[in-house]
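Student: Sequence:
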Amino acid sequence: MAALILHEFMNDVRVPLGGDKIYKDECAFSFDNPESDTGLYVCMKTFLGFGKEHVLRHFHRTGNKVYLHLKTVKKKKPKTHEEEEKPKPTRLAIGVEGGFDVEDQNQYEYEENNSVVILPDFLMVPLPNQDIPLKVQQAVSGILAAESASRQEQVASWDGEARVVSKHAENLLQLDNGVKVPPSGWKCSRCDLTDNLWMNLTDGAILCGRRYFDGSGGNNHALEHYGETKYPLAVKLGTITANGADVFSYDEDDMVEDPKLAQHLAHFGINMMIMEKTDKTMTELEIDLNTKIAEWDVIQEAGSKLTPLFGAGYTGIRNLGNSCYLNSVMQVLFTVPDFIQKYANQTEAIFSMPVQDPTSDFNIQMAKLGYGLQSGIYSKEPQNIDESGEPQELSQEGIAPRMLKSLIGRGHPEFSTNRQQDAEEFLHHLFNIIERNSVGSSNPCDCFKFELEERVQCVQSGQVRYKKRSDFLLSLPIPLAAAINKEEVAAYEAKKKELEARKEHIDPKELVRPRIPILACLEVFMAPETVEDFFSSALQAKSIATRSVKFATFPDFLVIQLKKFTLTETWVPKKLDVAVDMPDELDLTAYRGLGLQSGEVELPEGDSPPEPEPEISEETVQQLMDMGFAREGCRKAVYHTKNSGVEAAMNWVLQHMSDTDFAEPLQLGRPKKAPDFVVNEDGVAMILSMGFSRDQAIRALKATDNNVERAADWIFSHLDEPIAMETDRDEAQPVAPKCRDGNGKYRLMAFISHMGTSTSCGHYVCHIFKDGRWVIYNDRKVAISEHPPKDLGYLYVYQRL
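Under the UniProt record's numbering, the first residue of the sequence shown carries the number 1, and numbering increases by one thereafter.
Simulated from the structure, these hints should not be mistaken for laboratory data.
None of the values given here were measured: they were computed from a predicted structure.
Just to be clear, a hint being listed does not mean it is correct.
Label pairs and their calculated CB-CB ranges [said to hold, decoys possible]:
id, residue 1, residue 2, range
1, K187, E493, 20 to 30 Å
2, T229, T281, 19 to 29 Å
3, P413, S693, 25 to 35 Å
4, V679, A481, 48 to 58 Å
5, E619, T229, 51 to 61 Å
When the alpha-carbon atoms are kept at most 16 Å apart in a straight line, the in silico EDC-like pairs for lysine to aspartate or glutamate are as follows [unchecked claim]:
id, residue 1, residue 2
6, K738, D556
7, K574, D254
8, K75, E112
9, K468, E602
10, K71, E112
11, K781, E397
12, K71, E109
Just so it is clear, CB atoms sit at the ideal spot from N, CA and C, and this is done for glycine as well.
Take these sequences, add in the hints, and give me the full structure.
Tutor: Here it is in structure tokens:
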């Protein structure tokens, strides 16, 4: 009977076409999915998915009555002997096939119980059912067969390890120098190394590769050869097979693809079709380095029996293919009251906004994540025994913010990919998006915002100038010279060098890192620096100045970045392997700026020398004057055309001879007063409809010459500059951005650590002080921290006491 009723609702059913996005992995407003207790409801007209708690919201908003209900039951299979041993990682990724900590999907079996549901009474038609209309059958088949929207985006953004084709590959120079390379028995031409060898594809030179941070690898001879010859491409011998090889471009400073590799190898007598792999690829070597006992084990607290945590505030986040940077940042942010209040506590108001597509609304997806993390409904402790009768591991599935990740990365050249990213760069990018989406409402990022006071003093005149700038993050340099354990580090380096001379490697357990106090980092950042080429407006001449910065305000939450990533002399990215002592309590009171002090004299306005009198060709001026034009107009013509001749100057005269000031003397440095600005009221109305104020609209239109589209972009890029507008349309007076302020005493509440040798690989983990204890958030794994590695962090968050 229910199947026949479906004939009445054919207008609510569409058969999906090739370009349609099918959201059948999770709810648009929550993390409910087909494996949830109540399953997932997919609208058969819009193809948006909803959990039972939210599907009526969509029904009341759209009137769509027909939904495909997806319900999957996951059962664990008994392990076979072959599955007992966990496979080793083969890719520099986490949560993807071949990466670290992969959950083997083959250990589960899935039972699907799907049906068509008619709202609002949840009238259910079990599937398969031959009595339902043909159009409904086709729609069901199309939804089930289609790749989900999240899967399509994952494929589009992958592969995180994909290599670009080298710009040198097509027309690579190869010398006819008679070099022929044998298929084996290679040795570096500058030392005795017989592994980690690279052949330059221009001259056939065989040389050893770079030395790795642990002392292994090569002696940098291939890199030195590039510095001498500038021959860009080299292939790693021992990785050549019929399927390709590792190719590095020194000029592009990255691993690359060489479509003509077979041809380039044949030039030196190498037939890649018969070659066999005898050496590790760069990916394999990176994995080996990352799995050694060093940062990875320390930061992930390997060897400790960590007690899992469940419930509100202890929800893990699944790694969506190298998204650990996002996971760690979000876990920390949703410990901050401003973010909890803005998103997690306002879900009903945010979800009720009249949005056509909730999957594409940033605020909705942030509220979804906030509620998912804070509610605890996705972090329930599993039963001791699962349905197969086997004991369950005390771990959680974790939530997967696919829609939010897609929104944050949309249009961005890096964050739209599945490549590993820098957590600090991601934080800045995220804050910019939050600001754009907080117009007309509270901005939770304000709790991080602070002002720095810059003081510049002219050494000769003694006069000073103070300026302020705002930021959300304090980036501190790491002064290696300030290490407090120099003797221990020197002894370690000497032992390592001695072992290397014997072709041995030091035990990673003996690693001694330079240990640096955080106050040393602060002192270097705040210390005065000399400005050599400073124009003193007091002297109206070049002088020497000193410049220093201090805090003008102290934020509620202070984010500190330790600048661990640097470049070597050869412009190769390198991570400093150091330990920085970060205290639980940090008093920054001594670093507060006090502004202009009694007895100090401010430098006059103007920080650039006056423009010199222009050199104007009197011969050209006279030629123009002979044509009957005023002398001053002729001088202007020659000046503005940069003495480029009579013809250019004449053209300028013809364009400007009707200017009212054409015959007035040429004056530099004093531009004429601009005519009164008349705002386009239609443009104001359009910007007001976007949710901005009239003051913002007028100032933006004035800055963009009444261009509405550019004006909207201008507002987004000047959100931290609130203004006051006069009713007579006089020049807008900027008001300094308001930052919260208080005492400078802080307590450490969270830190994010990076494991790996560069920001393009490795893994992020965060530790948060919550409920009187430290908690480790390692993607979907949440547990009590036994040994929080406070000295190995990358980003630290301090909360004001």
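Student: Now look at each hint and say whether the structure bears it out.
Tutor: Tested hints:
1. K187 x E493: 20 to 30 Å: Between K187 and E493, where Cβ atoms are some 28 Å apart, the hint holds.
2. T229 x T281: 19 to 29 Å: 25 Å Cβ-Cβ, so the 19 to 29 Å window holds.
3. P413 x S693: 25 to 35 Å: Given range 25 to 35 Å: holds, Cβ gap about 33 Å.
4. V679 x A481: 48 to 58 Å: holds, 57 Å
5. E619 x T229: 51 to 61 Å: holds, 52 Å
6. K738 x D556: It holds: about 13 Å lies between the C-alpha atoms, which stays within 16 Å.
7. K574 x D254: holds, 14 Å
8. K75 x E112: holds, 11 Å
9. K468 x E602: holds, 15 Å
10. K71 x E112: holds, 6 Å
11. K781 x E397: The hint holds at about 9 Å.
12. K71 x E109: Roughly 14 Å separates the two Cα atoms, so the pair holds.
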